[in-house]
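Guided by the hints, dock chain C onto chain V, whose structure is given.
These protein sequence lines map, in sequence, to chains V and C.
Quick note: the first sequence uses the numbering used here, first residue 2, plus one each step.
Quick note: the second sequence uses the numbering used here, first residue 2, plus one each step.
No wet-lab data here; the hints were simulated from the structure.
Among the hints, a few may not be true.
Any copy will do: because identical chains look the same in the list, a pair fits if it lies in one copy or spans two.
Keeping only pairs whose Cα atoms sit at most 20 Å apart, straight-line, the calculated PhoX-like set for lysine-lysine is [to be verified]:
no. : residue 1 : residue 2
1   : Lys87     : Lys294
2   : Lys87     : Lys296
3   : Lys6      : Lys294
4   : Lys6      : Lys106
5   : Lys172    : Lys87
6   : Lys224    : Lys322
7   : Lys87     : Lys67
8   : Lys322    : Lys40
9   : Lys305    : Lys322
10  : Lys67     : Lys37
11  : Lys37     : Lys322
12  : Lys106    : Lys298
Now for the letters of each chain:
2 protein chains.
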Amino acid sequence: MMNMKPYVVGIDIGGTNTVFGIVDARGVVIASSSIKTLKHANVNDYIDELYTAITNLLVAHDAVDKVYGIGIGAPNANYYTGMIEKLVNIPWPTPLPLAQMVSEKFGLPVAITNDANAAAIGEMTYGAARGMKNFIMITLGTGVGSGIVINGQLVYGSDGFAGELGHVIMKRNNGRLCGCGRTGCLEAYCSATGVARTAREFLEIRTDASILRNIPIDQITSKDIYDAAMAGDPLAKEIFEYTGEILGEAFADFTVFSSPEAIIIFGGLAKSGELLLKPLRESMERHMMPMFKGKVKVILSELKEADAAVLGASALGWEAKPLVPAVAPQPAPQPAVKA
Amino acid sequence: MMNMKPYVVGIDIGGTNTVFGIVDARGVVIASSSIKTLKHANVNDYIDELYTAITNLLVAHDAVDKVYGIGIGAPNANYYTGMIEKLVNIPWPTPLPLAQMVSEKFGLPVAITNDANAAAIGEMTYGAARGMKNFIMITLGTGVGSGIVINGQLVYGSDGFAGELGHVIMKRNNGRLCGCGRTGCLEAYCSATGVARTAREFLEIRTDASILRNIPIDQITSKDIYDAAMAGDPLAKEIFEYTGEILGEAFADFTVFSSPEAIIIFGGLAKSGELLLKPLRESMERHMMPMFKGKVKVILSELKEADAAVLGASALGWEAKPLVPAVAPQPAPQPAVKA
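One chain only, chain V, in its complex shape (with noise of 0.2 Å):
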């Protein structure tokens, strides 16, 4: 590690913020800021603002020539390939070799993953999973994302996309319509989003008082059932702990799959804390295989909201290798050297 340079850059690029960071090895995010993503109908005029702010930021900050890897999260992006495979919401062409541009802008090596395993990478880098080797970091947002950590490594599977834990099904029979196209994932039930549709349900199917028939019923966010929980509507407790329970016999049946030394919750259903907590916990173990009761670990995150996109982008910074162009000539095949 001797003169290795003292900094990297994280990039997690959302469908409306860019924001970046410049990080130190202990995870202290030395300055950060931000571009709007959606600003350039051009990805190489977004790459230009983006390169002149980071620029910026760098020489306001005396880190000019001392960063040594830049790190992205960015949507469907493929720590194999270095593309993002697919873009919602964002008009770019893809498949787009976003690393290569990067890299090639910045003159500096650059690796890219998807935002959940940016997080897995951030939170065993800096957070709560600093030590362990085997983890599995579940973000709970607009969808339900997930990094797994098996022997020290992240999981990224033959193809680059393994870890879509969201996607395991739940429900067999009626499941909820999700995202992917399919019905019955776990996303559909336990995303924040999921989390509103189960409002609705029983707001729907019952005829109980609770304080979320108040709002306009496909206006409910996940934020007024917590509010309305925490004021200790019944009905909204009820919505936490049938959360909790689906979330429960997932990580079941996850940790048969890796056994895992813990699960680690962020996102902003995390927020929520006990509420969840306490009935994903208790259903956890109510559904855990008998040889694995008691083992694992259900935590929550321990990055700072506000910084974690970044920390867990630029963790990934470290592990960046330098570009080898593409079309460049190949040296001669050298004689082996045995070491």
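Okay, now just chain C, sitting in the frame of chain V:
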């Protein structure tokens, strides 16, 4: 690899027989033999007989002092600890430090794991998974076992017991009772015994004719169902379709976890071939998350069944490490020398 000894010994400990063999680096079983597992109520007597029998085999094949290590496949064996944690139908005390006991007896490095993991290592070393970094081995026998390989490494998880894919829950309501004490596990439907249970259910609930009605209902085996299906019996064929449907649903769920290149099937039921594989593959693709459709191969093991258990265990012998006595005095720390 220079000067590495050319052979390993594989030992497969089953409830009835203990099979062992001398195997070379290309997976050729030079010689094999067996002893009765249950002949000795005392495990030390068992190890003495095993030592004598293996030594005789080594002498007869001029292989004494040419063995690099010993690999053992045994039920509930923990790779990390070298212990057998639990034994059913075998009266030896548990937890049993089998790796240490065998290593001390033979003066050779010993590694142990459970049968399904050994099968996965065997398949990766000598069989259908050569060259694959990400695959899942499913053994369809009395139970449903699994060995998961990710990034070229077997997945043992935080406690050594990862990969119990026979115990994901496939039926969350009114599921069949499973040997693990829960209900609805994959194993309760898709093991050889699960398939026989399906036959009994179909025959009891339905009234249509079937060759299977000629057999006393509680004596029907998966082999009888296979024979009936091959003879064109529609009910027997439906049993395979039902089994393949559930396996396909399970395989689609496994794929979102680790995105394997292939899922390899081994064990008694695998001999059903296309009778099982056709409905299995169709179900898997129908239930597959769109991004993984058409990517995962479902193939049969390439290991000969008679050799497979020994081959799988033997492959583990190549990664066995010399025993470090737990109680012996450690040498004083030496100044580190950089390589």
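Hint-by-hint comparison with the structure:
When the C-alpha separation of Lys87 and Lys294 is checked against a cutoff of 20 Å, the pair qualifies only between copies, where the shortest distance is 16 Å, while the shortest distance within a copy is 39 Å. Within a single copy, Lys87 and Lys296 get their C-alpha atoms only as close as 38 Å, which misses the 20 Å cut-off; across copies the closest is 17 Å, which meets it. In this assembly of identical chains, the alpha carbons of Lys6 and Lys294 never lie at most 20 Å apart, being 44 Å within a copy and 42 Å across copies at closest. Taking the shortest Cα distances, Lys6 and Lys106 sit within 20 Å of each other inside one copy (19 Å), while across copies they are farther apart (52 Å).
With identical chains, the CA atoms of Lys172 and Lys87 are never at most 20 Å apart, being 27 Å at best within one copy and 34 Å at best between copies. Taking the shortest Cα distances, Lys224 and Lys322 never come within 20 Å of each other, neither inside one copy (41 Å) nor across copies (54 Å). In the homo-oligomer, the alpha carbons of Lys87 and Lys67 never lie at most 20 Å apart, since the shortest distance is 33 Å inside one protomer and 55 Å across protomers. In this homomeric assembly, Lys322 and Lys40 never come within 20 Å of each other (Cα to Cα): the closest approach is 30 Å inside a single copy and 58 Å across copies.
Taking the closest pair of Cα atoms, Lys305 and Lys322 never come within 20 Å of each other, the shortest separation being 28 Å inside a single copy and 42 Å across copies. In this homomeric assembly, Lys67 and Lys37 never come within 20 Å of each other (Cα to Cα): the closest approach is 26 Å inside a single copy and 66 Å across copies. Proximity of Lys37 to Lys322 under the C-alpha cut-off of 20 Å is found in neither arrangement, the shortest distances being 28 Å within a copy and 55 Å between copies. Proximity of Lys106 and Lys298 under a CA criterion of 20 Å is satisfied in neither setting, with 43 Å inside one chain copy and 39 Å between copies.
Hint compliance for this structure: hints 3, 5, 6, 7, 8, 9, 10, 11, 12 are broken, all remaining hints hold.
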